[in-house]
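K.L.:
Residue numbers (this note's numbering), protein chains in the order written: chain A, 1 to 356; chain B, 1001 to 1327.
It is worth saying that the hints were derived from the structure and are not from the lab. In this text, all values refer to a predicted model and were calculated from it rather than measured experimentally. Honestly, I wouldn't trust all of these hints.
[Stated by the list, open to error] List of simulated lysine-lysine pairs, DSSO-like, C-alpha gap at most 30 Å:
{"#": "1", "chain 1": "B", "residue 1": "Lys1131", "chain 2": "B", "residue 2": "Lys1207"}
{"#": "2", "chain 1": "B", "residue 1": "Lys1151", "chain 2": "B", "residue 2": "Lys1250"}
{"#": "3", "chain 1": "A", "residue 1": "Lys82", "chain 2": "B", "residue 2": "Lys1300"}
{"#": "4", "chain 1": "B", "residue 1": "Lys1134", "chain 2": "A", "residue 2": "Lys43"}
{"#": "5", "chain 1": "A", "residue 1": "Lys43", "chain 2": "B", "residue 2": "Lys1136"}
{"#": "6", "chain 1": "B", "residue 1": "Lys1190", "chain 2": "A", "residue 2": "Lys127"}
{"#": "7", "chain 1": "A", "residue 1": "Lys82", "chain 2": "B", "residue 2": "Lys1207"}
{"#": "8", "chain 1": "A", "residue 1": "Lys25", "chain 2": "A", "residue 2": "Lys43"}
{"#": "9", "chain 1": "B", "residue 1": "Lys1134", "chain 2": "B", "residue 2": "Lys1020"}
{"#": "10", "chain 1": "A", "residue 1": "Lys343", "chain 2": "B", "residue 2": "Lys1136"}
{"#": "11", "chain 1": "A", "residue 1": "Lys191", "chain 2": "B", "residue 2": "Lys1131"}
{"#": "12", "chain 1": "A", "residue 1": "Lys82", "chain 2": "B", "residue 2": "Lys1190"}
{"#": "13", "chain 1": "A", "residue 1": "Lys127", "chain 2": "B", "residue 2": "Lys1136"}
{"#": "14", "chain 1": "B", "residue 1": "Lys1151", "chain 2": "B", "residue 2": "Lys1182"}
{"#": "15", "chain 1": "B", "residue 1": "Lys1190", "chain 2": "A", "residue 2": "Lys36"}
{"#": "16", "chain 1": "A", "residue 1": "Lys110", "chain 2": "B", "residue 2": "Lys1190"}
{"#": "17", "chain 1": "A", "residue 1": "Lys44", "chain 2": "B", "residue 2": "Lys1136"}
{"#": "18", "chain 1": "B", "residue 1": "Lys1238", "chain 2": "B", "residue 2": "Lys1052"}
{"#": "19", "chain 1": "A", "residue 1": "Lys64", "chain 2": "A", "residue 2": "Lys110"}
{"#": "20", "chain 1": "A", "residue 1": "Lys315", "chain 2": "A", "residue 2": "Lys296"}
{"#": "21", "chain 1": "B", "residue 1": "Lys1238", "chain 2": "B", "residue 2": "Lys1250"}
{"#": "22", "chain 1": "A", "residue 1": "Lys64", "chain 2": "A", "residue 2": "Lys43"}
{"#": "23", "chain 1": "A", "residue 1": "Lys43", "chain 2": "B", "residue 2": "Lys1142"}
{"#": "24", "chain 1": "A", "residue 1": "Lys25", "chain 2": "B", "residue 2": "Lys1190"}
{"#": "25", "chain 1": "A", "residue 1": "Lys110", "chain 2": "B", "residue 2": "Lys1136"}
{"#": "26", "chain 1": "B", "residue 1": "Lys1131", "chain 2": "A", "residue 2": "Lys36"}
{"#": "27", "chain 1": "A", "residue 1": "Lys82", "chain 2": "B", "residue 2": "Lys1182"}
{"#": "28", "chain 1": "A", "residue 1": "Lys200", "chain 2": "A", "residue 2": "Lys229"}
{"#": "29", "chain 1": "A", "residue 1": "Lys82", "chain 2": "A", "residue 2": "Lys127"}
{"#": "30", "chain 1": "A", "residue 1": "Lys44", "chain 2": "A", "residue 2": "Lys127"}
{"#": "31", "chain 1": "A", "residue 1": "Lys127", "chain 2": "B", "residue 2": "Lys1142"}
{"#": "32", "chain 1": "A", "residue 1": "Lys127", "chain 2": "A", "residue 2": "Lys36"}
[As the list claims (entries may be wrong)] Among chain B residues calculated to face chain A with C-beta under 8 Å, some are:
{"#": "33", "residue": "Asn1104"}
{"#": "34", "residue": "Gly1275"}
{"#": "35", "residue": "Phe1295"}
The beta-carbon is built from N, C-alpha and C at its ideal position, and this holds for glycine as well.
Single-letter residue listing:
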Amino acid sequence: MQSFTMNESFPLNAWYAVAWDVELKNELLPRTICNKALVLYQKKDGTPVALEDACWHRLLPLSKGSLRGDTVVCGYHGLEYKSDGRCSYMPSQETINPSACVRSYPVIQKYRFIWVWMGNPALADEKLIPDMHWNDDPEWAGDGQMIKVHCNYRLVVDNLMDLTHETFVHSESIGDRNVAEAPFDVHYDEKTATVTRWMKGIQPPPFWKGQLNRVHKHEGDVDRWQIIKFEAPCTVNIDVGVAIAGTGAPEGDRSQGVNGYVLNTITPSTNQTCLYFWAFSRNYNLKDQSNTTELKNGVAHIFSQDEDILEAQQKAINENPDREFYNLNIDAGAMWARRITNKMVEEEQETKIDAL
Amino acid sequence: MRYRNSWIDATVVAIEQVAKSVMQIQILPLNGATECYTVGSHIDVSVLIDGKTEIRSYSLVGEYESNTPYIIAVKLLPSSKGGSKYMWSLAAGNKIRISQPTNNFELSHNTNDYLLIAAGIGITPIIGMAKTLKRKTGLTVKMLYAGNNKKEMPFLEELQSLLGVDLMLHYSDAQGFYNTTKLIDLASAKTQIYLCGPLPFMNAVRKTWEDGPFENSNLRFETFGASGLFAPQDFLVKIPRFDLQIKVKKNKTILQALEDAHIDVMYDCKKGECGLCQVDILEYSGDIDHRDFFFSESEKGENDKLCACVSRVANGSITIDTSYRGV
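Same shape as in the complex, but just chain A (with noise of 0.2 Å):
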């Protein structure tokens, strides 16, 4: 029986976040993804590149070169590479080994990340890019940031499929016994999980009373929801927000209210640190620059948090290789996830379409 505590696989036909737009220039940029070291760079036109970062020669990193134009150039020998990870250039020889050549990934910007396909490149269709829009919608506006988390990414999901953490880990910003104390539901389907709480006629936390207030001049009672939604295999967005108590959220009137996505996608980069790609984007003071920057910044804060107690649980996982998880009621969608992206790595392994 595989440990569900330890299971820290990933499947590798999927498109994964391995940079923020912003951080990707004419310029190597090295990033560990799915065990496998890729640098990544930005051409002269803007499409970016991700290629295997170890030169056919000695595997010396790319990422230790230098780039010239669009051309990757080895940082020992020399050796030459195009975009495409096809050799352009052999030292002293008149010829190219028709065989030299290094491994380059698909690569797709998109909602401002750039996604890589790690797997069978056949299969690797754009369409499958997880939903992220609200990251670079003109209706919404937000930012975010990368974090390196030294925990599986399957933790960080377990981590968002559960907001009850809040009350305890983020008691001072948005937690308290109200998200503790809510019912909750839990849906899924072959792709997903949705875990919905709703937490009506409450006082809200500080953060979102701040938030309320500033759009709606309101200090009272409020309905709150958040709704958790997982989508294999690591990208959790949370819609989240609060409205006037009793003008009609919950029946799906958010007009009395302040709606915010909390983007989550988790990168695996070894078995046990993830790239975490994060992003608030908010529906409401669209133009005010000032709440983008509070708002990164307090959502850096709560994630710091987050990180603190993720890096802990791993440490304490390690540490006790033949104990399992409990779980609970409040688990299930931490559970569905989990299963979710199980069946995805099963079923790589049964037809063995992810070996390459």
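Guided by the hints, dock chain B onto chain A, whose structure is given.
P.N.:
Frame of chain A; chain B shown alone:
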């Protein structure tokens, strides 16, 4: 990327002649588990020639399917070095040693315009590429398949139904050597070209690309060093430094003959790509049959050096020197 070969025992599970001189061989590892591969991959097979084992590479035909044997197709070359003769001697149930699949001829997926070019038995890696590409939408995939005549060209019907009018066929018995300059009209700056076939044909296509308007690196090709401009024949090699004269039999290479004579030569790829096995030509008669892809055309024209792993002499003999400088 280069991977270490790991060798396993396997069984020939089926053989079938799929064209006049082409045998299709299905091979299943003894443990029943084939490894996943992408199109363009090959396996190495340990073949027995004159009682000695040697290694030959064969492209895998078609796409990977789980729980399905590896498929290779071998053309019987009467003038070969013996590999194809051995492969043709196999029968269902025979045990052989094979390596894991390796891909040095990988299809890139970063364009939407492809030109596949196969001549003769060079069809083996190309047919899988055609299948993979045709399964994707929004691609332009054209293909030229050249051979002596219909009877000698396997997979014709399959390719015709797969590619329809995008498949161009050329029969050189009737139509003569294909004029490769016509290929330029089928390509654009963003076309990726995948080429496999006998050496003279590949040389002609490469020359067309070198002289043509498009990026040379968009032309990818693979060779296992199995063909040349002349049929292999026996020839003599003199090595004055060792006061030695050796005979290279038609089913041997200069490199093997030197090793048999206990003369050390550096080498690596043994398919005419890396250039490590180059030796100096001091004198020769007849024709040097340069079968490598290491030396440029002008270097080959100078006939100062040759790659001992693949290149040969036709209708003459040769005097060489190795890099040994001891006394």
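K.L.:
Hints first: check each against the structure and report whether it holds.
P.N.:
Here's how the hints hold up against the structure:
1. B:Lys1131 / B:Lys1207: Roughly 28 Å separates the two Cα atoms, so the pair holds.
2. B:Lys1151 / B:Lys1250: holds, 27 Å
3. A:Lys82 / B:Lys1300: Holds, at about 27 Å.
4. B:Lys1134 / A:Lys43: holds, 28 Å
5. A:Lys43 / B:Lys1136: The hint holds at about 25 Å.
6. B:Lys1190 / A:Lys127: Given that 30 Å is the threshold and the Cα spacing comes to 23 Å, the pair holds.
7. A:Lys82 / B:Lys1207: holds, 21 Å
8. A:Lys25 / A:Lys43: Holds, at roughly 8 Å.
9. B:Lys1134 / B:Lys1020: Holds, because 27 Å separates the two Cα atoms, which is no more than 30 Å.
10. A:Lys343 / B:Lys1136: holds, 25 Å
11. A:Lys191 / B:Lys1131: holds, 28 Å
12. A:Lys82 / B:Lys1190: The given pair, whose Cα atoms are some 14 Å apart, holds under the 30 Å limit.
13. A:Lys127 / B:Lys1136: Answer holds: lysine 127 of chain A to lysine 1136 of chain B is near 13 Å, not above 30 Å.
14. B:Lys1151 / B:Lys1182: Holds, because 25 Å separates the two Cα atoms, which is no more than 30 Å.
15. B:Lys1190 / A:Lys36: holds, 28 Å
16. A:Lys110 / B:Lys1190: Status holds; Cα separation ~23 Å.
17. A:Lys44 / B:Lys1136: holds, 28 Å
18. B:Lys1238 / B:Lys1052: holds, 24 Å
19. A:Lys64 / A:Lys110: Holds. Lysine 64 of chain A to lysine 110 of chain A sits at ~27 Å (cutoff 30 Å).
20. A:Lys315 / A:Lys296: holds, 28 Å
21. B:Lys1238 / B:Lys1250: Roughly 16 Å between the alpha carbons, so the hint for lysine 1238 of chain B and lysine 1250 of chain B holds.
22. A:Lys64 / A:Lys43: With a Cα-Cα distance of about 18 Å, the restraint between lysine 64 of chain A and lysine 43 of chain A holds, given a limit of 30 Å.
23. A:Lys43 / B:Lys1142: Given pair lysine 43 of chain A, lysine 1142 of chain B holds - Cα atoms ~28 Å apart, limit 30 Å.
24. A:Lys25 / B:Lys1190: holds, 24 Å
25. A:Lys110 / B:Lys1136: Distance of about 21 Å is within 30 Å: holds.
26. B:Lys1131 / A:Lys36: holds, 28 Å
27. A:Lys82 / B:Lys1182: Holds, because 27 Å separates the two Cα atoms, which is no more than 30 Å.
28. A:Lys200 / A:Lys229: Given that 30 Å is the threshold and the Cα spacing comes to 20 Å, the pair holds.
29. A:Lys82 / A:Lys127: Since the Cα atoms of lysine 82 of chain A and lysine 127 of chain A sit roughly 27 Å apart, the hinted pair holds (cutoff 30 Å).
30. A:Lys44 / A:Lys127: holds, 26 Å
31. A:Lys127 / B:Lys1142: This hinted pair holds, its Cα atoms lying about 26 Å apart.
32. A:Lys127 / A:Lys36: Distance ~24 Å between lysine 127 of chain A and lysine 36 of chain A Cα, so the pair holds.
33. Asn1104: holds, 4 Å
34. Gly1275: Interface hint status for glycine 1275 of chain B: holds (6 Å vs cutoff 8 Å).
35. Phe1295: Since the shortest Cβ distance to chain A is 7 Å, the answer is holds.
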